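Quick mapping for you: the protein sequence lines, in order, are chains A and B.
In the numbering used here, each residue carries its 1-based index in the first sequence increased by 79.
In the numbering used here, each residue carries its 1-based index in the second sequence increased by 16.
Output of the computed footprint for chain A on chain B, the stretches with three or more beta carbons under 8 Å from beta carbons of chain A:
hint, segment
1, 91–102
2, 115–121
3, 127–140
Think about it this way: if two alpha-carbon atoms lie no more than 20 Å apart in a straight line, the pair counts; the simulated PhoX-like pairs of lysine-lysine are:
hint, chain 1, residue 1, chain 2, residue 2
4, A, Lys352, B, Lys63
5, B, Lys229, B, Lys205
6, B, Lys203, B, Lys226
7, A, Lys355, B, Lys84
8, B, Lys69, B, Lys24
9, B, Lys84, B, Lys226
10, B, Lys63, A, Lys355
11, B, Lys226, B, Lys205
Hints in this document: simulated from the structure, not taken from any laboratory.
Keep in mind the model is a prediction, meaning the values are calculated, not measured.
We put the beta carbon where it would ideally sit given N, CA and C, even for glycine.
Here is what each chain is made of, one letter per residue.
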Amino acid sequence: MKGQNKTLVLNETPSILLAPFHMVANLYNNRGLLRNFIARDFKVNYHGHVLGYLWSLLEPLALTLIFFLVFVILRGSSDTLLPLKIMIGILIFNSFSRTFSNCSTCLIQNSSLIQQVYFPREIFPAAIAGFRLINLLLSMIIIVPYMIYESIIPTWYIILLPISMLSCIILGQGLGMIASVIQVRIRDLKQVIDLLLRAGFFLSGVFFGAEIIPKEHLGLYFYNPIAVFIEMARAGVIGDLGVLEPTPIIRSVSLSLLIFFIGAMVFVKNERKAVKYL
Amino acid sequence: MNEDTAIKLESVTLDFPLNKSGPAFIKDIFTRRNKWREKSSFRALNKVSLEIKRGEVFGIIGPNGAGKSTILKVMAGIYAPDEGTISANGRIVLLAGLGAGFQRNLTGRENIFLSSSIYGLSSNEIKELVESIISFSGVREFIDRPLRTFSSGMKARLAFSIASHLEPEILLIDEVLAVGDSAFREKSKRRIINMVRGDTTVVLVSHSEKTLKDLCDRIACFSNGQIATLSEDADEVISKYRELSEQNKGSS
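Use the sequences and the hints to build the structure in full.
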C-alpha cells in the first residue's frame with residue numbers, strides 16, 4: 080500500500096451527466112475487487128452442492144419440459160422448435176429478473192459491509208450483473224444439443240444473441256440500481272418488484288413465440304423490451320427474424336442503454352445519502 | 017494541502033435521518049409534506065474542523081452518542097458530510113468490527129483473499145502477504161476448511177491477522193481490538209502498539225483513559241457532535257471527559 084501519496088478528496092460527487100463515466104472508471108480502478116466479488120458469488124452459489132454448476136442447467140431444462148408439456152396438452156402445438164424457444168425464453172427472462180431483483184436489494188443485503196469499509200458501492204450491482212452474465216453464457220450451452228438435433232446452422236443473425244443477452248442484463252442492472260436507493264427507505268419495494276416480475280414472466284413470451292400474438296396487437300406487444308430481447312435471442316439462434324422487425328430491436332436496445340445510464344446517475348448521486356438509512 | 021497533513025476536516029457537518037423509513041415515511045409524504053424536511057434529522061457532527069498531522073497518534077474520547085464513531089466513518093469515506101470538506105493524504109483503513117466481508121461457506125484462505133481485497137489490497141500484495149497472515153493467525157491447520165467450521169475465537173484471530181497486515185498510511189481504530197485467548201491478546205496488543213509507534217498516522221477512538229494517555233500525542237474530547245476540548249495534555253482532556261460523563265449521569 081506504499082507509494083499512494085496523492086491527496087484524496089473524500090466527498091467529491093461528480094456532476095450528474097458524468098456520473099455514468101465516473102462509475103465505469105471506479106469499476107475499472109477496482110477491477111480486482113470486482114473479480115473477487117464475482118468469484119465469491121460463484122463459489123457461494125455452487126460450493127457444497129453435489130451437482131454444483133449443473134443446477135444452473137437443470138433448472139431451465141426442467142422448466143422447459145414442464146411448459147412444453149403444458150403447451151402441447153393445451154394447444155397441441157406443431158412447432159418442432161418450441162422447446163428451443165422456451166429454453167431461450169426462460170434463460171433470458173431469468174437472467175433479467177434475477178439481475179433486477181438482486182441489484183435492487185444490493186445495498187440492504189450488504190449493509191454491514193457498507194458500514195465497515197468504504198469502497199465504491201457501484202461494485203455491488205456490477206458484480207451481480209457480471210455474475211448473471213457469465214452464468215447466462217454458461218447456461219446457453221443447453222441449447223447446443225437441441226440445435227445439433229434439429230440441424231440448425233448458425234447464420235450471421237447469431238450476433239442478435241449476444242446483443243440480446245447484454246441488453247437484458249444492463250436493463251436489469253439499470254432498473255435495479257434505481258430501485259436499490261429507493262428500497263433503503265421503502266422496503267416494500269421488494270414485494271412490488273417480485274410481483275411485477277412474476278406478471279412480466281407471463282407477458283414476455285417466455286413459453287410461447289411472438290407469432291401467436293394477433294397481428295394487430297404485435298406493435299403493442301413489442302413495446303415490452305424483454306419480449307423483444309427474447310424474440311431477438313430466438314431469431315439469432317434460429318436464423319430467422321420471424322415477426323420481429325428492426326424498429327422494436329433498435330428501440331429496446333436504446334431503451335436499455337438509456338435506463339442503464341439513468342440508473343448509474345441515480346445510484347452514484349444518491350448512494351451516499353441512501354447509506355445513512357441502512 | 018500541506019504535505020505534513022494526513023487528514024484535514026473543514027467545518028464538517030453530518031445529519032442523520034431520524035427513523036424515517038417505511039410507513040412513517042409514506043405517511044409523512046401525504047400528511048405534513050412541508051414540515052417533513054426540517055424536523056427529521058439528527059445532527060451527528062456539527063461544524064467539526066480538525067487537522068491531523070502525518071505520523072501523529074490522535075485520540076478521541078467522549079460520552080456515548082457524541083459522534084466519535086461517526087467521525088471515524090466520515091474520515092474513512094463511509095458517510096459523506098452534508099457540509100464542509102474532508103481530504104486525506106494516503107491510504108486509509110478503518111478497523112471497526114473485524115472480518116469485513118467474511119463468508120461462512122468459503123475457506124479460511126479464500127476469505128483472506130476476499131477480505132483483504134475489500135480493504136483495498138491488490139491480488140499481488142495479497143499473494144505476498146498470505147503466508148504471513150496465516151502464520152500470525154495461528155490457525156494454519158484449519159485454513160483450507162470452510163469458515164463455518166471455525167470457532168469464534170479462531171475467526172477473530174484470522175480477522176485480526178488480516179487487519180494487522182494491511183499497513184495503511186492512515187489507520188482508524190474504533191475501540192481496542194482485544195480478541196482470542198490471552199496469549200493471542202498479548203501478541204495482538206504488541207502488534208497494535210508497534211503500528212501506533214511506527215510512522216503510521218493513527219486515529220484511535222477509545223473509552224480507556226489509560227490507553228489514550230499512553231499512546232496518543234493529542235486527544236480530543238467530543239460532546240454532542242463537536243470538539244469540546246483538544247489538547248496535548250491528556251489529563252486536561254480526561255478531566256473534561258469525566259465532567260461531561262457526570263453531567264450525562266445527572267441529566268438521565
